[in-house]
Amino acid sequence: MLRWIRQQLGVDPPHQSDTRTVYVANRFPQNGHYIPQRFADNRIISSKYTVWNFVPKNLFEQFRRIANFYFLIIFLVQLMIDTPTSPITSGLPLFFVITVTAIKQGYEDWLRHKADNEVNGAPVFVVRSGSLVQTKSKNIRVGDIVRVAKDETFPVDLVLLSSDRADGTCHITTASLDGETNLKTHFSVPETSVCQSVSQLEALQAVVECQQPDADLYRFVGRITVIQHGEEIVRPLGPENLLLRGARLKNTKEIFGVAVYTGMESKMALNYKCKSQKRSAVEKSMNTFLIIYLVILLFEAILSTILKYAWQAEEKWNEPFYNQKTEQERNSSPILKFISDFLAFLVLYNFIIPISLYVTVEMQKFLGSFFIGWDLDLYHEESDQKAQVNTSDLNEELGQVEYVFTDKTGTLTENEMHFRECSIKGTKYREVNGKLLPEGMTDDSPDGSVAHLIGDEVLFLKAVSLCHTVQISYDQPDLPLGASDPFSHVNGFSSNHMEYYASSPDEKALVEATKRIGVAFTGSSGDTMEIKTFGKFEKYKLLHLLEFDANRRRMSVILQTPSGGTVLFTKGAESAILPFATSGEIEKTRLHVDEFALKGLRTLVVACRHFSPEEYMDVDKRLTAARTALQQREEKLQEAFDFIERDLQLLGATAVEDKLQDKVQETIEALRLAGIKVWVLTGDKHETAVSVSLSCGHFHRTMNILELLQQRSDNECAEQLRRLARRIKEDHVIQHGLVVDGASLSLALREHEKLFMEVCKNCSAVLCCRMAPLQKAKVVRLLKTSPEKPITLAIGDGANDVSMIQEAHVGIGIMGKEGRQAVRNSDYAIARFKFLAKLLLVHGHFYYIRIATLVQYFFYKNVCFITPQFLYQFFCLFSQQTLYDSVYLTLYNICFTSLPILVYSLFEQLVHPHALQSKPCLYRDISKNSLLSFRTFLYWTVLGFCHAFIFFFGSYILMGEDTTLMGNGQMFGNWTFGTLVFTVMVITVTLKLALETHFWTWMNHFVTWGSIAFYFIFSLFYGGIIWPFLHTQDMYFVFVQLLSSGSAWFAIIIIVITCLSPDVFKKVLYRHLQPTSTQNSQQSLSAPPAQALSCMESLCCYQQGQSGCSRLASLLDQMTGHCKAGASNCHASSRCNRIRPRAAWQMVDPDGALGVGKRSA
Amino acid sequence: MKEEGNLENRPSNTAFTQQRLPAWQPMLSAGVVIPGFLVIGLAFIGIGVGLLITSRSIQVLELDYTGTETNSPCNKCTTLPIQNNCVCKLNFTIDTLFKGPVFFYYSLTNYFQSQRKYGASLDYNQLSGDLTYFKSPASDCDPYRYANGKPIVPCGSLANSMFNDTFKLYQIVNGKENLVPFDGKGIAWWTDYNIKYRNPDYSPLENAFNDTEKPVFWSKPAYKLDTSDSSNNGFVNQDFLVWMRRAALPNFRKLYRRITEGDYKDGLPVGNYSLEISYNYPVKSFDGTKKATFSNVSWMGGQNEFLGIAYLAIGSMCVVMSVVMLIVYAKFRFPEDD
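Line by line, the protein sequences are chains A and B.
Its first residue numbered 1, the first sequence is counted upward by one per residue in UniProt numbering.
Its first residue numbered 1, the second sequence is counted upward by one per residue in UniProt numbering.
Hints may be right or wrong, so weigh each one.
[As the list claims (entries may be wrong)] Below are the PhoX-like pairs computed for lysine-lysine, each with C-alpha atoms no more than 20 angstroms apart in a straight line:
| hint | chain 1 | residue 1 | chain 2 | residue 2 |
| --- | --- | --- | --- | --- |
| 1 | A | LYS754 | A | LYS778 |
| 2 | B | LYS135 | B | LYS150 |
| 3 | B | LYS168 | B | LYS89 |
| 4 | A | LYS284 | A | LYS316 |
| 5 | B | LYS331 | A | LYS1067 |
| 6 | A | LYS316 | B | LYS284 |
| 7 | B | LYS331 | A | LYS1066 |
| 8 | A | LYS325 | A | LYS337 |
| 9 | A | LYS250 | A | LYS184 |
[What the hints assert, rightly or not] Restraint ranges, calculated between C-beta atoms of paired labels, are given here:
| hint | chain 1 | residue 1 | chain 2 | residue 2 | range |
| --- | --- | --- | --- | --- | --- |
| 10 | B | VAL60 | A | THR1076 | 17 to 25 angstroms |
| 11 | A | VAL295 | B | LYS99 | 50 to 58 angstroms |
| 12 | B | ASP263 | A | GLY1024 | 37 to 45 angstroms |
| 13 | B | LYS284 | A | VAL295 | 38 to 46 angstroms |
| 14 | B | ASP287 | A | LEU1073 | 18 to 26 angstroms |
| 15 | B | ALA313 | A | PHE60 | 36 to 44 angstroms |
| 16 | A | TRP1049 | B | VAL216 | 16 to 24 angstroms |
| 17 | B | ILE195 | A | ILE1017 | 19 to 27 angstroms |
| 18 | B | SER316 | A | TRP1049 | 17 to 25 angstroms |
| 19 | B | LYS99 | A | ARG330 | 48 to 56 angstroms |
| 20 | A | ARG935 | B | ILE195 | 49 to 57 angstroms |
[Unchecked claim] Short, incomplete list of chain B residues facing chain A, as computed with Cβ under 7 angstroms:
| hint | residue |
| --- | --- |
| 21 | LEU7 |
| 22 | SER114 |
| 23 | GLY271 |
Derived by calculation from the structure, the hints in this document are not laboratory data.
Quick caveat: nothing in here was measured; it's all calculated off a predicted structure.
We put the beta carbon where it would ideally sit given N, CA and C, even for glycine.
Take the sequences, apply the hints, and build the full model.
This is the structure we're talking about:
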């Protein structure tokens, strides 16, 4: 019992033993020695909260944030001690912040719940109590027998029991797990494979024992014990018996399997790394700034406390006759008093750390992220998919990316190969509309005169259509009868229902191409291969298959032709075949192959060899001997293969295009110009990877390609790395590209991380092939944790990319063909790779600028806010008297200054999006978190302090001459003084933001001027009423009295101008003396009159048909009734307004005006 | 192109969603800023001159009567033993007509009305005439909440420390002292007098104060502050209201009386004057000073050179900055012109 509780609480790991015992169909043995085991259910949980634990868990999470915790402490301190401000001043904003954040996180979690429910609620068929029951995926338990039909994904890790085939095999594709699209054959043990029906399964008594779940997709150790006729038969189980969750059943009508790993214990789920909260670089620097401000706060509080006691050392200031202390105060202990004073100062100054910063940042991120989904440029029309934002926490990180790690298959490529050209007997051909056209001929004869293919061409095509390992899948639902027999429908030859599957997409493309041209591979059965040559069926007997291997880089088949002859067809890389060719147009073909390769096509060379019966006898004997050899089989096979594959007659070469996605090359080029390094990480073979790299512009032909491949030992690897490093040093001029494979990489990472990093950093492009999913994550982590701590982005489409996507700072999923795993686990999801450019260069740039200014501005405005408060302590004997009223203290950040910065941070566009996209180098302007560098931080902070000094001492000198400021001779009090400072502050701080704003939409106008107006209206209202529930009426009519004084108005104007004019001056000087490239492109792009609206226009004019804008605007119209008149003469006024600035230019600088005129013309 | 209906996910093509809202994109370039600064600078210089002239036209006469110096007539009131109702007289001469209306202020220095505990030490409910708080004043009022077991009304340090020097001004004409009439109305804020502070609705007022104690430092209870005028008595006594509006800074001036009546409506004519001070308020303990000030006001209040100087300074700064920008501009041109 106790153990059970502890297990539930997660104290004890639930699995004590190394193996788990699964009783098929959960038929437990009767004879007692069975220990019940607990397994996870088949629920996939990516959500964080449930309805029940949301409140406590979310609160806990939120208060783990240092800032929230800080405000909680301040609030509690306020409740405890005699404070200068009421607890409401910090309690209310805290409550607001916590609530808004909770709502946002709740909403995001709700989305995750929805996605989980979709997966967990998917219908599955399970054999229970003798019949097939439909249930939800989440209800599958370990031991259940699950039926999966063709093209369905496995809902759980299954051990295959039987399939509809007699031999108990099935084909699956693991594309969504590891990105491999070929068909894989999985097996069942003979004892269970006979149980093809529910009733037979019902009678099956079997136990599966297997290891506890682990993340390795390719490892599975277990055994199955089948009890037949009272006899126990034990069979070993390996990965070939296991069907992984997420893989898809192909080419097989249905299978039955027993669930062994469920839910979060399935191998797919274990390959996900647990979702860690990603934090953006901006948030990190924000926290640094917070700590600096905390230090400033503590310094101010301590200084004030010390000064207070220094002052009080003199009796006359300690207790002047007019301000006697109470008995209690006199008697309390001095240490306690000291602490309490310190805390009171802390409370008084606590606003310097802006609580609303967090809520504004949250809101900005949440609302701002909608723009990604709304962007039409990120919308893929063919698939009707728009960009998707899964977490809005990282928007600005998109503007900081330094390394992009991209998957290849399905990310850079469409995952589709297309046959393009070939070379037969020294003549180049193109495929046009299903016909082979020799070079130079055009397709002017649409149908009739088919250029008749001559013998060589047919032989070539036959070779291509026979020399492969392609399998055929028939679309069963469309075929009424006998569909399982591949030959039965051949007579109908409905090509639509036939689908080729191949481990190599090239082979698939080639076989498809020959079919189009007229030599169709129609199927294989046993050792017979059948092709249909221009309507005529031919059967070939497959005598031997010489498999592909990476050393030989070719594969061959030996066939018996229908006429009885024996022929060998071979196909492979040109370097693997041309040396062994003895006849045929060798030189011309070599030339053609090089031409194809230059076009970025993937080439293969095809050759044949005819055997005389005697020759074949020898070949057959050698092969059989090698294959059955018990020792050194590998070497012997190699030897045999080499013996056979020679004296070849060259037939020709093929050129296949792995269709790249649209604009991949441009995108990679743009990223490179933006200073982003692109790494390609792929599970693919080295050759394929390199050729794609070349064709997508990741590798250039001019690049010096370094290789770190097939390293077997540590020393060898280190040696190679050193060699590479030397090579890099020796020739600096050339750009370097590095190719690494998975095995070598793990060696390199184990011992020589530094050396490897050194090599990597000097390479402008890196390609990692043969990577396991977790290895991809490892590479990302390696870069992430390197000393420079670059910001990384991972992009991929398959489940094999999930761990990398989760590891990188920003993870992007491609909504491709390989399921939704990557999308679900990504931070952002887009439909195509090319969208990455806009996502980073435009959206990332915007978000970064917006949030960076937001953060800096927040600190600035709070320095402005609280420094006068600190200064005032020098004039009130450090008695913690507040300068502003409590309501002003509370509302400053919530109401008076919150909206302009929020609107700014949603809509600001420093440069036109087109400029950002066409000049990727602008991205460098913001790289390395430059807008949040210590220098800019210092600028804003110092500016804040300067402004605060001007507000305070401006008002001080005005009032400090103790003259009346009113025409009736009456005097102002302390609250009027505070209100004057506050008024100046609200105006200055708002206008400071207005100076920073480059993109004035009507909303900016509305909130900027609205905020100032709101402050005035609110103050009039607040000061105009005796508030019955308020303890004091300090502010009654203070604001009106202030405004009734002409001097106050003059003071407000002069102080505001004093604060802002140096800033304007500085901006102008910088713009002209040291313009950044961003500013330059501002200049050149905003000049065309079509884009640069005048101020009034942006307020009142909106283009027709822009529904969102005009709807809002007309609403505004109705509310204010103000723009109605303006709208009608909008066009006229806009024309005038456009001319006016030019006139202004003309006065000052005729050349400049000319420049504008030229541009606009 | 597929049909619209098939593209459910297609984002709407509005200016808002595509971030293409029409917008004004101002640029702070020299071409706009230089004339702007020039205009602002010149305008400010103009305003500054105007403000300075206005300020200079205001007459101020300040008389220190703290009595720390031995030759001061009020010195006798500061030396021990302190007598009650010590009266001292300050004589002064006015050379030119002191234009009316003349305002008479008293000033205190080194006096921190801005202290938090001090300023919070009052009970607004009492002062708005709520009798329940006459019985139990707010705890903020400590240590001036109860005296002799009875609640203090008005309670608290602020009320308790009310300024209690009184002044009388005589013009000496041919050796005879002519009393210059003081107007005690309209020295406090209209809203304080009419709305914020209220006497309890009791007649006679005195009865409302039954079972209460006067503030410790006061010589007479609140209902006797001005027995001659019931509308200036109790909590709505204007001197009391003036005192209760706390000064922001340690050196402050408070309006005491206006000279608006009779022969002195147009100002104080040339001649010899004598200010009779009933010296009660102690400032020596905190090194404070007390001053009596005569001043007339313009639309912008009393004499205040700061605004005029500030406008002149900032105005000339703007002009200088625009010149600097012009030089920079002439030398470096616009970056886009290259």
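How the hints compare with the structure:
1. A:LYS754 <-> A:LYS778: Judged against 20 angstroms, a Cα distance of about 14 angstroms means the pair holds.
2. B:LYS135 <-> B:LYS150: With a Cα-Cα distance of about 8 angstroms, the restraint between LYS135 (chain B) and LYS150 (chain B) holds, given a limit of 20 angstroms.
3. B:LYS168 <-> B:LYS89: holds, 9 angstroms
4. A:LYS284 <-> A:LYS316: violated, 49 angstroms
5. B:LYS331 <-> A:LYS1067: holds, 17 angstroms
6. A:LYS316 <-> B:LYS284: holds, 10 angstroms
7. B:LYS331 <-> A:LYS1066: The given pair, whose Cα atoms are some 17 angstroms apart, holds under the 20 angstroms limit.
8. A:LYS325 <-> A:LYS337: Answer holds: LYS325 (chain A) to LYS337 (chain A) is near 13 angstroms, not above 20 angstroms.
9. A:LYS250 <-> A:LYS184: holds, 9 angstroms
10. B:VAL60 <-> A:THR1076: 17 to 25 angstroms: Violated, at about 54 angstroms.
11. A:VAL295 <-> B:LYS99: 50 to 58 angstroms: Because 56 angstroms falls inside the window, the suggested range holds.
12. B:ASP263 <-> A:GLY1024: 37 to 45 angstroms: For GLY1024 (chain A) against ASP263 (chain B), whose Cβ atoms are near 40 angstroms apart, the range 37 to 45 angstroms holds.
13. B:LYS284 <-> A:VAL295: 38 to 46 angstroms: For VAL295 (chain A) against LYS284 (chain B), whose Cβ atoms are near 43 angstroms apart, the range 38 to 46 angstroms holds.
14. B:ASP287 <-> A:LEU1073: 18 to 26 angstroms: At 53 angstroms between Cβs, range violated.
15. B:ALA313 <-> A:PHE60: 36 to 44 angstroms: Violated - the Cβ-Cβ distance for ALA313 (chain B) and PHE60 (chain A), about 56 angstroms, lies outside 36 to 44 angstroms.
16. A:TRP1049 <-> B:VAL216: 16 to 24 angstroms: violated, 43 angstroms
17. B:ILE195 <-> A:ILE1017: 19 to 27 angstroms: holds, 21 angstroms
18. B:SER316 <-> A:TRP1049: 17 to 25 angstroms: This hint holds: roughly 21 angstroms between Cβ atoms.
19. B:LYS99 <-> A:ARG330: 48 to 56 angstroms: About 52 angstroms separates the Cβ atoms of LYS99 (chain B) and ARG330 (chain A), which means 48 to 56 angstroms holds.
20. A:ARG935 <-> B:ILE195: 49 to 57 angstroms: The hint (49 to 57 angstroms, Cβ to Cβ) holds, given that ARG935 (chain A) and ILE195 (chain B) are roughly 53 angstroms apart.
21. LEU7: holds, 5 angstroms
22. SER114: At about 4 angstroms, which falls below the 7 angstroms cut-off, the nearest Cβ of chain A leaves the hint on SER114 (chain B) intact, so it holds.
23. GLY271: violated, 23 angstroms
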